[in-house]
Amino acid sequence: MNAVTPHALLRKEDQRLITGTGQFSADAKATGMLYGHVIRSTHAHARITRLDLSAVLSTVGVRQVLTAQDVQAAGFADLPNVLQVKDPQGQPQTVCNMPVLAHDKVLYVGQPIAWVVADTALQAQDAAEVAQIDYDTLDVVVTFEDATAPGAVQLHAQAPGNTSVKFEAGDRAAVDAAFAKAHFVSDIAIESQRLVGSPMEPRAVWAWHDETKGVTHVHTPTQGVGGMARFLAQITRWPHESMEVHTHDVGGSFGLRSTAYSEHLLVMLSTRELKKPVRWVGSRSEVFVSDWHGRALRLHGHIALDAQGHILAMRFENQVDVGAYNVYFSTHIGARNLSITMGGAYQVPALHMSSHIYFTNTVPVSSYRGAGRPDIAYAIDRLIDHAAHQHGLDGLTIRRKNFIPPQAFPYTTANKTVYDSGQFESVMDHAIGLSEPAGFAQRRADALQRGCLLGRGLAYYLEASGPGGAAKDQVRGSFDAQGVLSLHALTGASGQGHETSFAQIIENEIGLPTSAVRYLAGEPEQGLVGNGTGGSRTLYGAGSAIKNLCQQLMTQAKPAIAALWTCSEADIAHAKGEWQEAGGAKRRLRFADWITSLGAQAAEVHAVGEATSGVTFPNGCHIAEVEIHIATGVAEVAHYWAVDDVGLVISPEQVLGQVQGGVVQGMGQAFGEHAIYDRETGQLLTGSYMDYPMPRAGGLVRHFHHETHAVHTGLNLLGSKGVGESGCSGSLPALANAVTDALRQVGAPPIDMPFTPAKLWAAILASPHKP
Amino acid sequence: MKLTLKLNGTPRSADVPERTLLADLLRDTFGMTGTHVGCDTTQCGCCTVHVDGQAVKSCTMLAVQADGCTVTTIEGLGANGLHPLQQAFSQCHGLQCGFCTPGMVMASVDLLRRNPKPTPAQIAEGLSGNLCRCTGYVNIIRAVQQASQAMQGDAP
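Taken in sequence, the protein lines are chains A and B. With this note's numbering applied, the first sequence corresponds to residues 40 to 810, in that order. With this note's numbering applied, the second sequence corresponds to residues 407 to 562, in that order.
Source of the hints: derived by calculation from the structure; they are not laboratory data. Incorrect hints may appear among the rest.
Computed footprint of chain A on chain B; a stretch qualifies when at least three of its residues, placed anywhere within it, have a C-beta under 8 Å from a C-beta of chain A [claimed, not checked]: (1) 410–421; (2) 426–440; (3) 448–454; (4) 467–474; (5) 487–495.
Lysine-lysine pairs mimicking DSS-like chemistry, simulated, CA-CA at most 25 Å apart [stated by the list, open to error]: (6) A:K511 <-> A:K455; (7) A:K205 <-> A:K252; (8) A:K615 <-> A:K597; (9) B:K408 <-> A:K68; (10) A:K220 <-> A:K51; (11) A:K68 <-> B:K412.
Positions of the beta carbon are idealized from the N, C-alpha and C atoms, including for glycine.
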């Protein structure tokens, strides 16, 4: 049937993934494997008055039942909160950690209460049905207004007003002074609504315990085995050397796979106690109420301008919903990631931000693609557009007047972030040049003929990439007798194509063909340090370590080549993948041929490359034209143009793929996705793909054009800035500005995401000039 | 309950509980783990296989309903090498994490069987029952177009 001879595939990963021979965590089977199932809370806020699992334990096939007491007896800690901040008075944030299993109280629907292990997954699931749990239900808070109202029910005794902290950054007095003398002021409140991250592979974990070595092997999707191992050791309080984390193929992560969840700990505890492999695979319905949620942020932006349109100050008042507990990166998002680039790509002399971090009876929030970066980018460029429109100014002119100019780098922002590089106006002009601005009026008129309102929106985003948890990134490289280079590092891919782009760096640096490079993520016995994939940093973090590795390999090779040619090292140089002799016979030798000629001795050529790489500042200009069907409110992106400065590009196809995927995730948020909780009961109303509108093929974007505009960064050895989160950061403000522009034609005021057909239709219907 | 089917060209038998889903039969009993399960409401399409030549979401069909049928999974698709769709998905960068890919490819094969020369809009419509979180679908649609041309004998 139409089979063809296989030839060049684009990525090294693809062969196994297109033939169904990838190795995802739920694919594994082991002899004697047992299966775990989580009993979850069906109430959003309640005291557990009775937990009787005797019937569960006596069900056919059941091997074990665990509750909070068992987890406590094992000495497990609660799930960690990564960053703790202080309020302006110096009081530390109130941190309320989530227990592995709920003790006597549950705080959200889906919270794990008990754990059943049985011979088959269906037996475990069936047994869970006969659990006897009585709840004494309490009032529920799922909104900021309800959570912080006087007399509101309190989730945690130690957190009055359901407040974790009121964090501030920047200079309040300077901002107040700037507003006092401003010619124009404007403000707009935006919401970056709660989302469900939804990697296509549901979360899964299986583990087995090697009795002889005393090591528990944990197989699970991660963004890097190092970070997961650190969290597991921290929670179990087991020695690091008593566990190894293994990650194979990962079906998407988007921030959700960087941390340890209750199920990881329960599988580990069970496998040690039962001396059998134990597996848990989440159903989609389960992970909707147990994968950490994303976003859940409200930002109220204020801007002060002088009479010429120069920005004098910006202020943001934020409400940061972290859900029921402080887990992992929620404070990092609400405090660090929102504030660090709060002036965007603009020269803003005074900046101030406050973040009210509060609790609700909802799934805890942690990282989701961008983790605060798209949200602040959205707020900044909505604010600029809004101010320009409100005061009859031109949005492009305001941006031009206020961009940090190329000659100002390194540039220290008013809140002390140092940006290294950027050509913001050139990047914007590049994007405008692509976007056929002259034809817009005609396109708008044509759209109206078809019964559609066409709006155009532009946004300039700038984001700070992830600092990383480990101080440096290391990569080990060693050759086999065939001259194949094996690379080991800790960072694991979940679609980013590390195996391909790392091999491309090797090819660029020493001319070894990509077919002769093999990347293995996470080999615990290698004893390497490094970061996982996250915060757009892997390419330049691990990539810089790979470049350093290449430099070391060249240093090792040079004397050997000189000896081979019986010439001085000074007479040979390396260029374009080959050694060249300056004088004499002008001999040439490719690195690949040299290493192959060594045969078994190639194993003696090895090194550990390493690099310390700081935070970078990817930025770009995105322009969208959105068409809203007047009669139905259905929106479609007619055109999307994006120009991104991601620094040095290694793999153009994969950069494009990251931008396309990120932009469409942004479209998902802009046009539909929303984790909606019922205000009275705290039930998740959008708990499946039938209610939660994931972006689907078609109906999204008719024309998509992307180019890069590389500005070299000296912040890392490689010169790249990262691309993973750019698509989300650029698309939210560009799409929202376009929708606002479309609605403006009929006099409708700005509305907030998600721009669902119902909301757009209602906005048009209520507008003063509806067609 | 006993059943027999032809799986990727080979007759196979099993004795499974009546409530066993086809997806679980393929994965757990026959080890065909290329068929992925991404949801429990028949929305994501990761589990798409062919039953008697038609694309089916195997999480929503009982294993016993496939008794006597011919079932093809991603592992059986390119028996003599890669199918043009598999090749096109790679060459057009139509996959990133690869979890949705087997289902996406199996759905696309059926789409091109029914409509050998689809327009981009018809491809999007035809694949609207398959979710992808990574690619934004842009390159998936390109891949199906390329495969369509290749299968017509045109230069891609």
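Broken hints, by number: Violated hints: 1, 4, 7, 10; rest satisfied.
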